[in-house]
Amino acid sequence: MAVVTCTGCSLLCDDIEAAVTNEKLSHIKNLCRKGHGHFQAVFSERTVPMVNGQKVSMDEAISRAAEILKSAKNPLLYGWSNCTLEAQAAGIRLAEKLGATIDDTSSFCQGILMERILDGRIPTCTLDDVRNYADTSIFWGADPSNSHPRHLSRFSYYPRGEKRQKSYEEERTCIAVDVRHSATAEICGNYYFRVPPGGDADFMEAVLAVLEGKIPRVADKKKMIELGSILKKTEYGVIFPGLGMIYSMQDKMDLFERLMARLNEITAFKAVPMVGHYNMRGFNELLREKTGFINSVSFRGGKPSHGPEQSVIAAAKSCDAALVIGSDPLSALPFATAKALAGVPLIAIDPRRSLATDAAAVTIPSAISGLEAGGTAVRMDGVRVKFEPFLKTDLPTDEQILTGIMEAI
Amino acid sequence: MAEEVAVTIVTVRDIFQDEAGRKSRFSDEYRDLSARILLDKQDMAALGAKDGQRLLVTGQPQQGGAASIVVAAKADEEEAHPGLAFMYNSPWSNQLVSEPSGGAGGEGAIPGFKSIRAAVSVTDGDVTSISELFSRMRG
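One line per chain: the protein sequences are R and G, in this order.
Quick note, the first sequence lines up with residues 1 to 409 if you use my numbering.
Quick note, the second sequence lines up with residues 1 to 139 if you use my numbering.
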């Protein structure tokens, strides 16, 4: 039996007890349902090295991938959010060497918030701070009961913390702001605030109004005034923005900044983005360190440039070859973007079969990080987590494959 | 009964569907949990649909193909929300997501994953398979 880290989501739970006997999980403790699916994935639908639908050796697959990237004029390197920091660093070096465009999943999810967090424009804290100090947690456009199943039990609601010994029974309040009465909203009971699709900015304005002692422009004024009272009485509050809030706000994120600033005039309030993939934040931090930008960067011409035209949504249309790793864009992106990517020579580095590996000119199997390969990742709250593999494999890591491609180029 | 009901689809997460997708994106279990639309009971009644009824969901016309899929209906047990439907985030819902064409960020802006405008009608067709979705991408 080993104690391992789950790379199934950005909580990076490091207390998983696991044992494998005869290629089956024979002992598991502390793993959520989502993590269980992640661990089970080790035993099915594994990829093999392929070029144009034919099985080849690993060396041949790497060599062909290098040829495709070398001959491309405008290659795109996309994915990265399910890769270790070590692999991400190798990927950024490869993009620089190729003069390629590099982007991760954050450009169409948490990026616009993460940029503000990393710039220090929105105050943040660790999940350990949440467990120890938070008395109010707001899940805004987020449903951790389905997306991050152990969030409430490890950090934000149920556990006893240093200054929260009475926990959810007396000392913690959780609030849900969502378009849907989600599983998390159910836990929040009366503190569920329903917003219409796209209505988050109006809700924020109403919160700002009650904080100023004004009458909010909402149907249920009494409930909104009650929310204002809770916020004012909060000793240490945390907002967890999910994609529901991000997609609704988009170019109005300054309003969220304003709300956070106003709350911090009254009391301590932090924001922790509900990052999905286990190391999206790691990629954002690494690329920012290298280029000043968290995502969507082109190294064409030697100098990094950044903008929406470098995001995967736009770059999928302009690239003439793509390498995808740590993500399946054909499953996760809009149809037209997926179709564009499926139409160029595609290199898919993936431990398991996906729509991208089925469409790829070159498929390169890799070890599953966290389970078969060690490395480092950055949790959603910025805490670095180092993990060791607990299953043996002969497969190379993502980092080794990328280094092999770079050497072949 | 209405031949067609207009809805805005918001994609959401579901832990059971997520687990199934991690085990296999090509399994019947993943298809059954993904190729479904949660409709308000009033909209279900307007269509004369019950749980499991196959529905044709047609999104906005978009570059590269017809944005329509066949999924199974499921009545949402939550509070009333006529005109608002939910789908679990998947390759099926992504068939309906239009790409951004303007505004801040232009073509590189965030697509409307949680604001899909669509028309829903009853059909006898089969639920769209993952292989059909893949063929459309390759076509």
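These aren't lab readings, by the way, just hints derived from the structure by calculation.
Check the hints yourself; a few may be wrong.
[Stated by the list, open to error] So these bits of chain G aren't anywhere near chain R, every CB distance computed over 12 Å:
id, residue
1, Asp14
2, Ala46
3, Gln53
4, Arg54
5, Leu56
6, Thr123
7, Leu133
[Said to hold, decoys possible] Using 20 Å as the maximum straight-line C-alpha spacing, the simulated EDC-like pairs for lysine to aspartate or glutamate come out as follows:
id, chain 1, residue 1, chain 2, residue 2
8, R, Lys223, G, Glu4
9, R, Lys233, R, Asp251
10, R, Lys386, R, Glu45
11, G, Lys23, R, Asp128
12, G, Lys23, R, Glu212
13, G, Lys50, G, Glu4
14, G, Lys23, R, Glu309
15, G, Lys23, G, Glu4
No residue lacks a Cβ here, since even glycine has one placed at the ideal position from N, Cα and C.
* Asked: If you check each hint against the structure, which ones fail?
  -> 1, 7, 8, 9, 10, 11, 12, 14, 15
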